[in-house]
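Enquirer: Next come the chains, spelled out residue by residue.
Protein chains: 2
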Amino acid sequence: MSMLDTVLIWISRNHKRWQGDLEKWLSIPSVSAQEAHAGDVREAAEWAEDYLRNIGLKVEIIATPRHPVILATTPAELAEPGAPEVLLYGHYDVQPPEPLDLWQSPPFKPTVRDGKLYARGANDDKGQVHAHLAAMLAWREINQKLPVRMTVLLEGEEEIGSPNLMAVVQAHAAQLRACKTLIISDGNQFAKGVPSIIYGLRGLVYAELTVTTANTDLHSGQFGGAVANPANALARIIAQLHDEQNRVTVPGFYTDVRPLTDTERAAWRQLPFDEAKFAGDLGVPAVTGEAGYSTLERLWGRPTLDVNGLTSGYQGPGAKTVLPCRASCKVSMRLVPDQAPAAIMAAFDAHVQSLAPAGTKVEVHWHGPGSPPALTAVTGPAIAAAQRAITTGYGIAPVLCREGGSIPVVTWFQQALGLEAVMIGFGLPDDRIHAPNEKIDLDGYFGGIRTAAALYEELGQALR
Amino acid sequence: MSMLDTVLIWISRNHKRWQGDLEKWLSIPSVSAQEAHAGDVREAAEWAEDYLRNIGLKVEIIATPRHPVILATTPAELAEPGAPEVLLYGHYDVQPPEPLDLWQSPPFKPTVRDGKLYARGANDDKGQVHAHLAAMLAWREINQKLPVRMTVLLEGEEEIGSPNLMAVVQAHAAQLRACKTLIISDGNQFAKGVPSIIYGLRGLVYAELTVTTANTDLHSGQFGGAVANPANALARIIAQLHDEQNRVTVPGFYTDVRPLTDTERAAWRQLPFDEAKFAGDLGVPAVTGEAGYSTLERLWGRPTLDVNGLTSGYQGPGAKTVLPCRASCKVSMRLVPDQAPAAIMAAFDAHVQSLAPAGTKVEVHWHGPGSPPALTAVTGPAIAAAQRAITTGYGIAPVLCREGGSIPVVTWFQQALGLEAVMIGFGLPDDRIHAPNEKIDLDGYFGGIRTAAALYEELGQALR
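Those protein sequences? They're chains G and W, same order as listed. Throughout the first sequence, residue numbering follows the working numbering, covering 30 to 493 in sequence. Throughout the second sequence, residue numbering follows the working numbering, covering 30 to 493 in sequence.
These are computed hints drawn from the structure, not numbers from a lab. Hints should not be assumed to be uniformly reliable.
Chain copies aren't distinguished; within one or between two, either way the pair holds.
Dumping the calculated DMTMM-like pairs for lysine to aspartate or glutamate here, alpha-carbon to alpha-carbon at most 25 Å [as the list claims (entries may be wrong)]:
| # | residue 1 | residue 2 |
| --- | --- | --- |
| 1 | Lys174 | Glu326 |
| 2 | Lys390 | Asp272 |
| 3 | Lys138 | Glu75 |
| 4 | Lys87 | Asp285 |
Could you put together the complete structure from these sequences and hints?
Expert: Here it is as structure tokens:
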């Protein structure tokens, strides 16, 4: 029996322990977007610091203008001789839990129902980061030494666009460049029983669009019909952002989109994707989207423009006959290779101004600089090692997928450190990340711990 | 010197007293729409009860399923022999004060700036009702007897559509039918220095439109592009409710609209209306509205459709990449003669369903049964008496106007009791009713007390 086999058995015997540890971390409401939770974000960082120290790593909590970054390194004597250095990136902050009334159990009171652990962050990203921490702990307990020299970088601002991460990365660039690969577990398996390696991500830009008219809210009877209504005006602008084919109308939006290859489209058609079940699980009458593309193509290979929030006038109970003076929306655009955030932002700005109805003032504010889309090579020893590790961890070989979400740091690490990411996700597509009732499937989580343990062994061999 | 002259002098000598009394009433946050304020609504009713008792009236507080109605009558010995019975209608409830951060002084802490009294309800309707109460009190103090036998009916649910008023009116119909005319002061003068009598009102229907898609909020990266977005869908529906001429597209919407007569349009063109000042005061770059009509025609003689509130997704600070599963808006339509609320509601329901984008579910909920538009005759002894009273109270003869707002009870009283309303407003069009920084011009308020005092004398003679 190999040492890895012993580690895997040990992992299986300690499921309750891993889950209990994770539940403690999930109980800390580390919502990075809301200032009221700044202390909780700090507490979640300190929890991870303690956990990493307990594994034996040397840990530093690096202050930033907002939420701290954790940087942990493996002392030479705790790794096998000649073990390659490997960087693990993750985040310990979470999305806001609102709307709270739609949660079946409180978002920060982890609750198991039917083999799934429900809590904000259970999937994104505490659950997946913790699978790695548990795997490291298991290696240390069974073998004393790790098969790789792990550098662990955990940030507390991923859900607000990582405004301070790159300054920290740049300040530690020399040290981080010594790493031979980057591991990120911040995504999903293709489906339950279909583990995957992710080789492409969409990028993101996020705007707030505000329409103003009068200098105060007005009575809809006294003024209605003679003064522009910003809510109607905003609706008219939003409605003009798509055409009848559900294509985005911003001029130049598709200019830099790299067409999907026939090979890629053929490969995706082979994936076990059940569109009826997909729609049924979400409770939608039918899928919909850009004409001429399949659901997977729409999600992975085509850009989008979605309203993420609408705000205007009176939103309380009952009726208030107010003619609002302001209406706003939050709009996110998911980008695909080779769209550039700055070009899309400029095109959107100009287009929206051209749509401003008479009697209104339109302003666009961008939340952050945006993140570019990413595509990584699917050849090389690290990807091959990950394929073997997943086969060991989940008992089945992985498929190659893209993902519709964005992990901006993938591009940034590539640009700043020359490191390409190995992206293996332990979650499932129906885990409702960013939404009420986020969960992680416990089988997927335990399989993730096994996969991480095997990955360290495989990388320790492959990257020597 | 006539008794009225003495009363008017007495009113002028007691400005501080009237204002102080009004400020006490305005300090009670009688917000009928918000259950948390139910106790305050009750307190405002009791304040009025005490005030009316102090005048000498016999007062009853009539319970309803929600907020009480006050009914006060004048004992025979407190009115001049043979004095005609007259009904005064008003309301002591107010609109919600939100958004609070836009108020320069707290909405329920009455504050005088530059000759204007700022508070929620200062105009609508406590300030105007109190002008009548002060006039009654002055008559009682100077003359012991009132020139008319006043019946005062004050409700606490006007701002939520008067759901329980008509049951009370019907239960007291025999008593109320004895009244020879109905006085309502719940509107405005045409402008400062241009007092008016209002002979037309728009009606109102108020809908809540909800678009739902998936069974939960989703991650905009994981699902964006393949699932209908209810916020985008709602925007598309709203945008299609008007055409390029700003005409409402609901089929049949204009079928029953009575065209404005050339006489009426000519009379309105003579009114001292300064469109540039109107736009400048509101801070809008230009007026806008239905093509082919002037601003006054749009406000008084044409129906509208306005969004009063928009709600969807994440509305907090910063960015949340959520694909919402629900979006809703509040929509009010102002109606003109001879549009019928029920017909408009049915037409709107059908039209909105026809606009529902694929993959969405659209529902309409109506807040209340709506109120029909009203037009009253401008001839007859009561209107003539009001014209003389305004000339006495403000020192200038009134113009004849319509108003863009709705006072549903005007039609209801006409239908239930056969009483046509004499509508004389003491407010000004820039008083920001239903909006932050509502006010009443103190000159207009004191002129209103004088006008009310003179009106009772004139009606006492004219309706004998």
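Enquirer: Compare the structure with the hints numbered earlier in the document and write down the numbers of the violated ones, lowest to highest.
Expert: 1, 4
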